[in-house]
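Enquirer: What follows is each chain in one-letter form.
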Amino acid sequence: MLRFVARRLLQAIPTLIILSILIFAWLRSLPGGPAQALLGDKWTPEKEAQLNATLGFDQPIWLQYLKFLGRAITGDFGNSSVSGLPVLQEIGQGFAATIELSFFAIVIAIVLGIPLGYLAARFHGRLLDNLTVIGTLVGVAVPVFFLGALLKFVFADELGILPPSGRQDVTINATTVTGFATVDGLLTREFDATWDALLHLILPSIALASIPMAVIVRITRASVLDVLDEDFVRTAESKGLTTQVIRRRHVLRNALLPVSTTIGLQTGLLLAGAVLTEKVFNWGGLGSLLAEGIERKDYPRLQALILLAASVYVLVNLLVDVSYAIIDPRVRVS
Amino acid sequence: MALLEVRDLSVVFSRKGQSPFSAVDGVSFSVQPGQTVGLVGESGCGKSVTSLAIMGLLPRRSARVGGSVAFEGTELFSLSDKEMRDRRGKDLGMVFQDPLSSLNPVVPIGLQVTEVLERHRGMARKQARAEATELLNKVGIPDPTRRLSEYPHQLSGGMRQRALIAIALACRPRLLIADEPTTALDVTIQAQILSLLKELVAGTETALIMITHDLGVVAGLCDEVNVLYGGRIVERAERHELFAAPRHPYTHGLLDSIPRLDAARGEKLSPIRGSVADNIPWDGGCAFAPRCPNALRTCVEVTPELEWHEGRLLRCHNPVQPAALGVGSKEAR
Ligand SMILES: Nc1ncnc2c1ncn2[C@@H]1O[C@H](COP(=O)(O)OP(=O)(O)O)[C@@H](O)[C@H]1O
Ligand SMILES: [Mg+2]
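Chains as they are written, first to last, in the numbering used here: chain A, 1 to 334; chain B, 1 to 333.
Check the hints yourself; a few may be wrong.
[Stated by the list, open to error] Every beta carbon over 12 Å from chain B, so not counted as near; a handful from chain A, in silico: (1) Leu150; (2) Ile246; (3) Ile306; (4) Ile326.
[As the list claims (entries may be wrong)] Residues on chain A that point at chain B, a partial pick, calculated with CB under 7 Å: (5) Ser20; (6) Phe24; (7) Leu252.
None of these hints come from the bench; they were simulated from the model.
The model shown is predicted, which means the values in this text are computed figures rather than measured ones.
From the three backbone atoms N, C-alpha and C, an ideal C-beta is built for every residue, glycine too.
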């Protein structure tokens, strides 16, 4: 298993390098540039050339890339052309915010989605099943930002039972250790900070969870229905096993295989949804950095952000493959 | 008292948007302790449905089951789901056709054996593992301890079927139902599995219902043979009598289509003409009539009943005459 993981991590390296080349070329093919964006009204061709020279954007593109790659290997992704701060430092805070939000969203999607999909399959064709299917159709169709705004309106603005935006109440004055607000509260024993962070997480993570949860419900349901028809389930029945054992050991375990793959794919889409959710809830994650970066043509920041997202995606799918191999012995051999 | 008494068993499937389909109709037979009974017929004649009905494994929503199945005098159809669960795997074991798909691919062989021991014989995991090793050994699986932690895909087809037999026999059931246990296997393996089954039930109280489309399989195994056509029994006889003188034209046709060692060189096998697709409902005539070499007018007008006929049960207006065997019936074609 360790060798499998190591091999997969090595395989990810060329993927990320190719991706970095593509991003590099793509960003520079966009009209305008960081200098133009920075200068704004004060733009003149001379000033742009001068600024480009300062920022190093006047060099041939392949040289720029090699320099970028050389520095990236040592963990230096350059300085933001907007703030002048090192990109990684700038991203750090937002990264924790986005990952925390995405993590809670995918956990909600899995923890509610799998049992619901399973129940729908068990009561196939009955009311619960029909309601679930309709629910998932709605879940997939409703845009994340709309659901977010609706939740915010009802639970924060009207009912006032949950905070409308942000990650934490400023009055809490929490100590930052890892940047993950819920974890920091536990580490520093500021439990009120953790509690407050959790309250802030509820609405945005539900909004963000809606689509992956709907997809997980549907896949689980379809997969359980498939497995129920399998010969080995009939064998299990012929052995007189209790329904609990049949469900847990024989049905669910097999049904989870396609579900785990789906979870990996959904996590990739989740990052895109997070940008929208963060905007609605003023979350201050990577979403705002990304938006600003695009607007200001901040090459270093955008490069780092996209590569970061890709690395997370690769990592999550590696986790998925490992869990798949744990469930399915047929994968382990090959 | 018979071990198993099947009376007037019928199974009707309701199908979406189609008229209900009668898969088994008025099937009755009994099995004595230790006896081996064959259920023979072409694919689609209702063999599996019959066995699943006995086991209580038909889909409850689409299948309507009628008649009665008594096991040691207990009416199985009146048992609750839980009571039936207590009997399956313990009193009644079953071996299925396709050993690969019948084993759970993601559960080790060992657990698939021990779970039934834990369920019905109240064994702890460790004790059950020891017993499972013993069982695998008994069904001829070499190196059983290692096999316990392997998965179905790591075993050969024959080994998988042996494992399934071990599972079905784990709690020493008094009745074992084997539904085409050799059909999915290589010819050489088929013979091994058959002799294993024979060896395991011989001299024990375990009765066996052997289901097959191949009369050759029952030849060396069964005490009594039921021949099914279109969901009904068309002939039942003691094995030797059946092979010596098949009286129903369908049985006769089935026998003729087995490859024989003593066949003259160049002699062709003669399969029954037509196929099950020619099935007509039993009402208003004999379902086999369209394919029957002996068909008379009455055969398409009057439904034959299952009746005693010279020491055997027969459902036919114009049975094959013993004297005319071979020569006569072939001319008739
Ligand atoms: N679950 C089911 N639903 C509807 N029809 C079925 C079902 N199972 C079997 N049948 C039909 O019943 C008939 C007998 O099937 P089966 O007993 O499996 O045949 P075989 O003798 O080959 O084992 C077939 O025509 C089959 O299509
Ligand atoms: Mg069958």
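Enquirer: Now, for every hint given, state plainly whether the structure supports it.
Expert: Each hint tested on the structure:
1. Listed as a non-interface residue, Leu150 (chain A) keeps its Cβ farther than 12 Å from every Cβ of chain B; the least gap is roughly 39 Å.
2. Listed as outside the interface, Ile246 (chain A) is inconsistent with that label: its C-beta sits roughly 10 Å from the nearest C-beta of chain B, within the 12 Å cut-off.
3. No Cβ of chain B comes within 12 Å of the Cβ of Ile306 (chain A); the nearest lies about 37 Å off, and the non-interface call holds.
4. Not every C-beta of chain B lies more than 12 Å from that of Ile326 (chain A), the closest at about 10 Å, which undercuts listing it as non-interface.
5. With a cut of 7 Å, the hint placing Ser20 (chain A) at the interface with chain B is violated, because the nearest CB-to-CB distance is about 38 Å.
6. Because the beta carbon of Phe24 (chain A) sits about 43 Å from the nearest beta carbon in chain B, more than 7 Å, this interface hint is broken.
7. Evaluation of the Leu252 (chain A) hint against chain B yields a violated restraint, the C-beta minimum of about 10 Å exceeding 7 Å.
Comparing the model with each earlier hint shows violations of hints 2, 4, 5, 6, 7; every other hint is respected.
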